[in-house]
Each structure stands twice: as structure tokens, then as C-alpha cells.
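Line order of the protein sequences matches chains A and B.
Using our numbering, you'd call the opening residue of the first sequence number 1 and step up by one each time.
Using our numbering, you'd call the opening residue of the second sequence number 116 and step up by one each time.
No wet-lab data here; the hints were simulated from the structure.
Even glycine gets a Cβ: it sits at the ideal position worked out from N, Cα and C.
Here are the simulated distance ranges between beta carbons:
(1) A:Glu18 to B:Ala125: 34 to 42 Å
(2) B:Leu176 to A:Glu18: 41 to 49 Å
(3) B:Asn167 to A:Gly3: 29 to 37 Å
(4) A:Arg111 to B:Gln124: 21 to 29 Å
(5) A:Gly16 to B:Ser183: 47 to 55 Å
(6) B:Thr182 to A:Gly73: 39 to 47 Å
(7) A:Pro70 to B:Pro227: 43 to 51 Å
(8) A:Lys62 to B:Ser139: 24 to 32 Å
(9) B:Ser139 to A:Leu38: 16 to 24 Å
(10) B:Arg175 to A:Asn101: 24 to 32 Å
(11) B:Ala125 to A:Pro70: 35 to 43 Å
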Amino acid sequence: NAGVMQNPRHLVRRRGQEARLRCSPMKGHSHVYWYRQLPEEGLKFMVYLQKENIIDESGMPKERFSAEFPKEGPSILRIQQVVRGDSAAYFCASSPLPANNSPLHFGNGTRLTVT
Amino acid sequence: SQQGEEDPQALSIQEGENATMNCSYKTSINNLQWYRQNSGRGLVHLILIRSNEREKHSGRLRVTLDTSKKSSSLLITASRAADTASYFCATDAWTGAQKLVFGQGTRLTINP
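Chain B extracted, bound-state conformation (with noise of 0.2 Å):
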């Protein structure tokens, strides 16, 4: 299986620090994906970023992409209060299987 893991499993911080999560997995990737699960929904995704790129932003998000040590880790500055939810990371297969595969994910509160 090449499950990412997420790291830590749950992170709470004050509101207006920044959060790290770090994600890790175990074989070649074509693309590793981000997606925010609010509790009792379903998944957002945030960010996709390809096995050919290092970094990638989006509004107070940053992907990072470290393929030689197989590693992702999702930045999240400035949080807010509605930033508290789960957040996974989630692989596909180098060798063509079209289906993504999700590790157990980072649970991030913050606090007012």
C-alpha cells in the first residue's frame, strides 16, 4: 500500500499562528493531492501539486513537494477559526491506477 501519513494527527494552536501538517508516502507519485474534511461532511479539495513541481500556493495556503524524500507538507498561515477541521493528503500510482489513496489525515483546531 502506498498510504501517505499525515503528521502530526491532530495539531492545536491559537488563532493567527501558523499550522504545519506533513504528509509522507511510499512509492513514485504522478501527483499528491490536499483536501479539508469539515466534521460530518464531505472532502474539499485545496491544492494538487505534480511530481514535477516543488512548490505551489493558493490565497493563505503552501504545498511543498519533496518527492526524493517522498514527503509533502501543507502550510496553512494566519489561521482562523474556520480553518479548524481534518485535513488529508492523498496519492495516486505511478504506475497508472486511477484512484487516489488517502492517509489518516491531521486534525487541526484553532483556538479563539
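Excised from the complex, chain A in its bound form (with noise of 0.2 Å):
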């Protein structure tokens, strides 16, 4: 049972391109769940969601990000018109059940850098 997997690894974007982040689950995994993590720093929860519905977006910035979860491929988080500040490592995690009854199965996350 392979593991979550995000793409791509590194992605380097000039300011004002789009970003886009995709992460697939594991296999029977229908939460997913988007962080973000800067250099020596925790990792600051951005979004939660369920197959094709957004259940918690609280933490991620009311403009430019956008992610989904469909019905059919992996989850996208999505940056339009990236800006320095966006720069960060960008975690997936999935799991069978609600983060507050289940461990959490982390990718090793999308390194992005704007330049």
C-alpha cells in the first residue's frame, strides 16, 4: 500500500504564475488535509477536506488559494498569483477517519519557491 504521495517535490514558480500542488492519498483514505511548514517552524494547518466537500478551510488565506478533493484523482491545492511569502513546504496528510480519532499519513511535501 504505497504511501500519500504529493507532486511535484520542488516547484519553483516567478511571481504573479500559478502553483499547483497535488497530493494523492492513501488507498482508502478519504480525509485529506493541507499544511503548511516554514523553515524551522511547526506546520500551520491550512485545509480539511472530504471527497469533493471542503469541511474546514479556516486556515488557509482567503485569497488567491483554492484546494479540492474530487471525486476521481488527487487533491489540488491551488496558489494563483504566487507571491515571495508563499514560499514554504506545503504537507499533505491523509487518513481513514477524522484527524480527532486517527493518526495522520503525511507525504513528504512540495518545496515552493518564488522567486
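Take the two lone chains, each set in its own frame, and fit them into one complex as the hints suggest.
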């Protein structure tokens, strides 16, 4: 059973471009979480999705950021018109149950660099 | 915010010694989880302890939870160089919010 797969591992974008980060959860997991991590810091919650539904997006900036988890295919975190402050590692995690009842399984992250 | 706060921020010990890391949080919880992160990698789940549990063991790991003090500790016994990593505690929210909030982490270095 493959783990959580994130791609790309590294992504470089110029200011103003769009960044698309993909996450394939573990087989059988319908709960997906996105976190952002700055160097030497902890993970900041961004959004929690179940298949086709956004459950909690309280950690996601209101503008430029969006997330989806379609019925078929991976979860996508989309950042439009990127700025230097978006540079960070973005981690996706999945679980078979909500995180208050189950450990999270993390991918190895996508490191976004905005130049 | 009920973010957990780990203490110390950094810890450096000799191989074979025990390492203790602490976590404090602000509001009531359903469970508390500990994770490890090696440099450049994702987090790996170590232990989940529920609010009605006081202590849990897994191999060389021992986790305690004191809900009256809103604190938890992670003890790694007989440390090895491979234990070098950052360790994070994460808490959920008693109110039912189905997400985990992570602390800033403790960076543990095991010197050979």
C-alpha cells in the first residue's frame, strides 16, 4: 500500500505565476489535510477536505488559495499569482477517519520557491 | 488558538542517554499525538494518547498526559543517532473541530 504521494517535490515559480500542488492520499483514505511549514517552524493548518467537500478552510488565506478533492483523482492545492511569502513546504496528510480519531499519514511535501 | 508548545526548542544529548520533550496546550482535547520529522521529509506518527489515558508505551517511547496541567511529555530511552529529528506534538479540539494543531517542535540531536 503506497503512502501519501505528493508531487512535485520541488516547484519553482516566478511572482505572479500559478502553483498547483498535487496529493494522492493512501488507498482507502477519504480525509485529506493540507499544512504549510516555514523553515524551522511547525506546521500550520490550511484546509481539511473529504471527497468533493471542503470541511474546514479556516487556515487558508481568503484570496489566491483554493483546494479541491474531486471524486476521481488527487487533491489539488492551487495558489494563484504567487508572491515571495508563499515560499514554504506544503504537506498533505490523509487518514481513514477525521484527525481527532486517527493518526495522520503525511507525504514528503512540495517545496515551493517563488523567485 | 490551542497550539501546543514544545519545550525545549532544541535538545542535544549523547547517544545512549534518555531524551525528554514536553508539550503544553491551552484548551481541552480529545487526544494528543506525537510526530517525528526527519530533515526534508514528511511527519511520521509516533503515538496517539486519548484524554482518558495517562501513559502509553511504544518500544523505546513513553508518552504521558496530564490533562489537569494540560501537558504531555515524550521520553525516548537509550537514544540512538537515528533518533535525531524534530519532534512535534499535535492536539485536536474538544469542540469537535476535526483537525490537528501542531506545536513548533523540539529539535533533537543525538551525538555519537
